[in-house]
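Chemist: Residue numbers (the working numbering), protein chains in the order written: chain C, 1 to 293; chain Z, 1001 to 1293; chain L, 2001 to 2293; chain W, 3001 to 3293.
Honestly, the hints are just simulated from the structure, not real lab data.
Each hint should be verified, as a subset may be incorrect.
Once the Cα atoms are required to be at most 25 angstroms apart in a straight line, the calculated BS3-like pairs of lysine-lysine come out as [stated by the list, open to error]:
hint: 1; chain 1: W; residue 1: Lys3216; chain 2: W; residue 2: Lys3102
hint: 2; chain 1: C; residue 1: Lys162; chain 2: Z; residue 2: Lys1292
hint: 3; chain 1: Z; residue 1: Lys1021; chain 2: Z; residue 2: Lys1042
hint: 4; chain 1: C; residue 1: Lys287; chain 2: W; residue 2: Lys3292
hint: 5; chain 1: W; residue 1: Lys3216; chain 2: W; residue 2: Lys3287
hint: 6; chain 1: Z; residue 1: Lys1287; chain 2: L; residue 2: Lys2287
hint: 7; chain 1: L; residue 1: Lys2292; chain 2: Z; residue 2: Lys1287
hint: 8; chain 1: W; residue 1: Lys3226; chain 2: W; residue 2: Lys3287
hint: 9; chain 1: Z; residue 1: Lys1292; chain 2: L; residue 2: Lys2216
hint: 10; chain 1: C; residue 1: Lys85; chain 2: C; residue 2: Lys49
hint: 11; chain 1: Z; residue 1: Lys1162; chain 2: Z; residue 2: Lys1216
hint: 12; chain 1: C; residue 1: Lys226; chain 2: W; residue 2: Lys3002
hint: 13; chain 1: L; residue 1: Lys2162; chain 2: L; residue 2: Lys2102
hint: 14; chain 1: L; residue 1: Lys2162; chain 2: W; residue 2: Lys3292
hint: 15; chain 1: Z; residue 1: Lys1002; chain 2: Z; residue 2: Lys1042
hint: 16; chain 1: Z; residue 1: Lys1287; chain 2: L; residue 2: Lys2226
hint: 17; chain 1: L; residue 1: Lys2292; chain 2: L; residue 2: Lys2216
hint: 18; chain 1: W; residue 1: Lys3021; chain 2: W; residue 2: Lys3002
hint: 19; chain 1: L; residue 1: Lys2287; chain 2: Z; residue 2: Lys1226
hint: 20; chain 1: L; residue 1: Lys2102; chain 2: C; residue 2: Lys102
hint: 21; chain 1: C; residue 1: Lys287; chain 2: W; residue 2: Lys3002
4 protein chains.
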Amino acid sequence: MKVGFIGLGQMGSGMAANLIKAGHEVTVYNRTATKTQALVAKGAASAAKVADACRGDAVITMLADAAALAGVSFGENSLIASLSKNKIHISMSTISVALSEKLAAAHAEAGQRYVSAPVFGRPEAAAASALFIVTAAAPDAVASCQPLFEVLGQRIFPFGDKPSTANLVKLSGNFMIASVIETLGEAMALVGKAGVDRHQYLDFLTSTLFNAPIYKTYGQLVAEQKFEPAGFAAVLGLKDVRLALAAGESLRVPLPLASLLRDRFLTLLAQGGEALDWSAISQLAAKDSGQKA
Amino acid sequence: MKVGFIGLGQMGSGMAANLIKAGHEVTVYNRTATKTQALVAKGAASAAKVADACRGDAVITMLADAAALAGVSFGENSLIASLSKNKIHISMSTISVALSEKLAAAHAEAGQRYVSAPVFGRPEAAAASALFIVTAAAPDAVASCQPLFEVLGQRIFPFGDKPSTANLVKLSGNFMIASVIETLGEAMALVGKAGVDRHQYLDFLTSTLFNAPIYKTYGQLVAEQKFEPAGFAAVLGLKDVRLALAAGESLRVPLPLASLLRDRFLTLLAQGGEALDWSAISQLAAKDSGQKA
Amino acid sequence: MKVGFIGLGQMGSGMAANLIKAGHEVTVYNRTATKTQALVAKGAASAAKVADACRGDAVITMLADAAALAGVSFGENSLIASLSKNKIHISMSTISVALSEKLAAAHAEAGQRYVSAPVFGRPEAAAASALFIVTAAAPDAVASCQPLFEVLGQRIFPFGDKPSTANLVKLSGNFMIASVIETLGEAMALVGKAGVDRHQYLDFLTSTLFNAPIYKTYGQLVAEQKFEPAGFAAVLGLKDVRLALAAGESLRVPLPLASLLRDRFLTLLAQGGEALDWSAISQLAAKDSGQKA
Amino acid sequence: MKVGFIGLGQMGSGMAANLIKAGHEVTVYNRTATKTQALVAKGAASAAKVADACRGDAVITMLADAAALAGVSFGENSLIASLSKNKIHISMSTISVALSEKLAAAHAEAGQRYVSAPVFGRPEAAAASALFIVTAAAPDAVASCQPLFEVLGQRIFPFGDKPSTANLVKLSGNFMIASVIETLGEAMALVGKAGVDRHQYLDFLTSTLFNAPIYKTYGQLVAEQKFEPAGFAAVLGLKDVRLALAAGESLRVPLPLASLLRDRFLTLLAQGGEALDWSAISQLAAKDSGQKA
Chain C
1 MKVGFIGLGQ MGSGMAANLI KAGHEVTVYN RTATKTQALV AKGAASAAKV
51 ADACRGDAVI TMLADAAALA GVSFGENSLI ASLSKNKIHI SMSTISVALS
101 EKLAAAHAEA GQRYVSAPVF GRPEAAAASA LFIVTAAAPD AVASCQPLFE
151 VLGQRIFPFG DKPSTANLVK LSGNFMIASV IETLGEAMAL VGKAGVDRHQ
201 YLDFLTSTLF NAPIYKTYGQ LVAEQKFEPA GFAAVLGLKD VRLALAAGES
251 LRVPLPLASL LRDRFLTLLA QGGEALDWSA ISQLAAKDSG QKA
Chain Z
1001 MKVGFIGLGQ MGSGMAANLI KAGHEVTVYN RTATKTQALV AKGAASAAKV
1051 ADACRGDAVI TMLADAAALA GVSFGENSLI ASLSKNKIHI SMSTISVALS
1101 EKLAAAHAEA GQRYVSAPVF GRPEAAAASA LFIVTAAAPD AVASCQPLFE
1151 VLGQRIFPFG DKPSTANLVK LSGNFMIASV IETLGEAMAL VGKAGVDRHQ
1201 YLDFLTSTLF NAPIYKTYGQ LVAEQKFEPA GFAAVLGLKD VRLALAAGES
1251 LRVPLPLASL LRDRFLTLLA QGGEALDWSA ISQLAAKDSG QKA
Chain L
2001 MKVGFIGLGQ MGSGMAANLI KAGHEVTVYN RTATKTQALV AKGAASAAKV
2051 ADACRGDAVI TMLADAAALA GVSFGENSLI ASLSKNKIHI SMSTISVALS
2101 EKLAAAHAEA GQRYVSAPVF GRPEAAAASA LFIVTAAAPD AVASCQPLFE
2151 VLGQRIFPFG DKPSTANLVK LSGNFMIASV IETLGEAMAL VGKAGVDRHQ
2201 YLDFLTSTLF NAPIYKTYGQ LVAEQKFEPA GFAAVLGLKD VRLALAAGES
2251 LRVPLPLASL LRDRFLTLLA QGGEALDWSA ISQLAAKDSG QKA
Chain W
3001 MKVGFIGLGQ MGSGMAANLI KAGHEVTVYN RTATKTQALV AKGAASAAKV
3051 ADACRGDAVI TMLADAAALA GVSFGENSLI ASLSKNKIHI SMSTISVALS
3101 EKLAAAHAEA GQRYVSAPVF GRPEAAAASA LFIVTAAAPD AVASCQPLFE
3151 VLGQRIFPFG DKPSTANLVK LSGNFMIASV IETLGEAMAL VGKAGVDRHQ
3201 YLDFLTSTLF NAPIYKTYGQ LVAEQKFEPA GFAAVLGLKD VRLALAAGES
3251 LRVPLPLASL LRDRFLTLLA QGGEALDWSA ISQLAAKDSG QKA
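The shape of chain C in the complex, shown without the other chains (with noise of 0.2 angstroms):
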């Protein structure tokens, strides 16, 4: 297929080289236009502006947070403005509820075709074709688009024909993996103040009712305490729970667990946690107890 592909962060190069990889025709856009220079090595074609980007059968987005998206999508010279009738923008970053609800109204308005699939998974994942996908669009939207997400993940799950479906699908399961980090970090901080070793206990954890690679991989980082580097930054830990909690106020569904999370994230970002792992919320709960990081 020819492609167009804007946003080549760290997700977003991998995937983009796996689509080049697999043959597809990728016309590649970066607002930082250095980073296209790997791929156009590996024989992609470079945008100089959005629109260039826009020329092909799809375009898929995989940009950073919504205003970015937005940035991108709304306006002169944009996406909108650039696609043809008919042609699909594959919106992949993790968004608002009301922002793809935005997008799909506009591209239905424009006479385009709108997928969301924003994705599970970290860069090498991403790297290693090995994403899990989630998808919601009008039937042969997703199916038009099936060549490319079959290079891009290791599988997809679709939800139905309303695009936001997919995007509160990726922000219920980010609020879900928060959950496990804050769970972690209270049995921590309560067994670690009697004594427990956390690997041990960690060890005991992931052997018997918690054997998910979940618990292992932030098990592992609230055992040890080593935030930093961030794998995923605190800030857009927040970020994500509080696009949760905005799409539980449209629908009308308190969470007071993300109620919760919310509060220790902005408590981890007012203590000076910016740099750090969204894991690092775990630790919290350490502190408020009294002992030391």
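With chain C held as given, fit chains Z, L and W onto it using these hints.
Modeler: Frame of chain C; chains Z, L and W shown alone:
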């Protein structure tokens, strides 16, 4: 070994049967004496009173709650009054840290040995010798019990020589399970109100990051909203969260997520959920959001 | 003074009437024009469009929410587009800190003066010139408005020269009132379930330590559980708590009690409480505890 | 009346002195006997043991906590063992609902009368006969105590004939005060981080909607952040919130705001606040937000 077994509920009767089958000489006691019959048929001796179950090398207690355990342990003709010097009380019930400390002191004073050995696992695991056993006691005492533990469990996790530590670890584990239930409840309330099918959502979760027995087991209960019959009753869930909070209070460790869980259990019980499984707290998020059960 | 007045709701119409009666030359504007008639009868001039209310020394806005205020303030023929240099916009609505900062910047750029002056008080207080007015702006601007404030309020509280500070103080005050409501709700749920008469309990509270208008006013509503008609709608309560939380997020100040209140309002609205007074969140504690309304 | 008085702490010694001054025949007892001297000088008789204070028409207990009260009430030579039939135990300490119920049952069994009469007021109010007294007991028993209550308090609030109801009302009142402290702490953390002067803010609050003694007294402490010496120690604050939560648990009434307060007190104590006034929980919101004390 020659061993007494006090408490023949759903857990205890399977455990005692396994000890008999493995060739240990078992004397069983239960307040409601009829429960001893099946085990006597398998080769157990029956004790008419607590003291009669305390003549061997060790006596195991596996009772429903702290009151039951305190009832058999203290006072005239009790376990502590009857056990010979150096013999061992293996306490496998889920009890408070405070009661475990009190038992440890009382046994020390009586020249007896006390091994705290609470378990993780449902009745089926007990019957299948597949429990996880968390132990804490003086090393020689734990070593003496090893032949019994090997019969009862699939793996033993030693947590040092202070008996109450094992109880704290057990309580922390139940807190973690309850956290999983609450997390699933909130996440499903959120996506559910947006129209996502709960089973499809669960399949997505357990196929990706949350690929663990705990999410499969409880996710199924939460998705189906089938909370009867209770595998583990809500009132016991409340008890264990309360005991975790009490341990946190003694240690000066605030546990805000456990506080939230306590309020959930109270709400469930106040609204008539006495007979439900503890996973029924998951429906409160949906209920608060105006969704029908 | 020659002054425009935009927003003739329950609060605004009483305030504008007082300005007229005090001899100020008032031009009124309201989106629904019929609301201007009563004031014209009292001596006001009627503005056909926003710009016509912006010809005097100052223009007061008293609107229901941020969207309404933003609607009249920005864009073609708006307040900012119409006000002459050095003239004053007195913003008395309850709005977000962020919108207040945006307005401050826009007025500064346009060479106009901006006075933030939100108020405490219900419609009766507005009609009786008994509002409490919180102000923040450049001292000369506040001084220019003094003749108006003296007509509208019983006391003015200046909070420095950064306009948004007044909005923050206003939001913090509404958070505090909502906290009183929640506190009363929980306390009455507790003693009420033990059989204590709510009115007798309230009499005790307000005769002793809680002898304050706020406890009398809201205590009465909570004890009677009469939440219609709404003096201040639940949806506005949610809005103000959300704005307090948003200000807290910008400033990095976690507010766990405000988070709890937000969840209460969402629950109330999810369960059909759109038309109720915000004090109706007090019934949720009783409801959770299984007491009938 | 001929009355015994057990417990001569800051509260009790002032109360006993007032009874003597009013002409009652008072026999005082205190575990640390030296505290009786000042009262003996004023005309009291001194009891060498608890039983000696139980020979009159009534015996008042005013002790620091439940353990102290249980200690004098139950067992050999205790209050219950010594009081004659039909004589009255007036229990004025702040104790749990459960202990009050236990005392009521024990006195009934012993043919004695039991009046629950906890108080609101600090030591100065006790000394000035200005306490608020909450009573619950059989009407004839309360009537018999009336001459004593009139000396001790400025007003009596009867709450029916079930003694523990008075204790519940007392606990609910302390919960409400702690809620005021938390509310002030969060509001001041919010406006404080925006640069608002805390005293100016407090003046605004107490001049407007929050014009009540409770906001003035605690607002002053919170604004000054002066938490030593403790008027009411943080550890007692924790105890009372815990007792309110325990009462809520028995009654099946979830109290999420009380749960939040409990976590605040635990955090304060974990971080070294044992010696501080309970209003010191107000500084935690500021601390979480990165503001220095």
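Chemist: Holds or violated: are the alpha carbons of Lys287 (chain C) and Lys3002 (chain W) at most 25 angstroms from each other?
Modeler: violated, 54 angstroms
Chemist: Do the alpha carbons of Lys2287 (chain L) and Lys1226 (chain Z) lie within 25 angstroms of each other, as the hint requires?
Modeler: holds, 23 angstroms
Chemist: Please verify whether Lys1002 (chain Z) and Lys1042 (chain Z) have alpha carbons no more than 25 angstroms apart.
Modeler: Judged against 25 angstroms, a Cα distance of about 16 angstroms means the pair holds.
Chemist: Does the alpha-carbon distance linking Lys3021 (chain W) and Lys3002 (chain W) stay inside the 25 angstroms limit?
Modeler: With Cα atoms ~13 angstroms apart, Lys3021 (chain W) and Lys3002 (chain W) stay inside 25 angstroms; holds.
Chemist: What's the verdict on Lys226 (chain C) and Lys3002 (chain W), does the C-alpha distance respect the 25 angstroms limit or exceed it?
Modeler: With a Cα-Cα distance of about 69 angstroms, the restraint between Lys226 (chain C) and Lys3002 (chain W) is violated, given a limit of 25 angstroms.
Chemist: Are the Cα atoms of Lys2102 (chain L) and Lys102 (chain C) separated by 25 angstroms or less?
Modeler: At roughly 23 angstroms apart (the allowed maximum being 25 angstroms), Lys102 (chain C) and Lys2102 (chain L) satisfy the hint.
Chemist: Measure nothing beyond the straight line between the CA atoms of Lys2162 (chain L) and Lys3292 (chain W); if it is 25 angstroms or shorter, mark the hint as holding.
Modeler: holds, 23 angstroms
Chemist: Measure nothing beyond the straight line between the CA atoms of Lys1021 (chain Z) and Lys1042 (chain Z); if it is 25 angstroms or shorter, mark the hint as holding.
Modeler: holds, 8 angstroms
Chemist: Hey, Lys162 (chain C) versus Lys1292 (chain Z), does the alpha-carbon distance stay inside 25 angstroms?
Modeler: It holds: about 23 angstroms lies between the C-alpha atoms, which stays within 25 angstroms.
Chemist: Against the 25 angstroms threshold, does the CA-CA distance of Lys3226 (chain W) and Lys3287 (chain W) hold or violate the hint?
Modeler: holds, 15 angstroms
Chemist: When you check the alpha-carbon spacing of Lys1292 (chain Z) and Lys2216 (chain L), does it fall within 25 angstroms?
Modeler: violated, 36 angstroms
Chemist: Need the status of pair Lys2292 (chain L), Lys2216 (chain L): alpha-carbon distance at most 25 angstroms?
Modeler: Since the Cα atoms of Lys2292 (chain L) and Lys2216 (chain L) sit roughly 23 angstroms apart, the hinted pair holds (cutoff 25 angstroms).
The structure shown violates the earlier hints numbered 1, 9, 11, 12 and 21.
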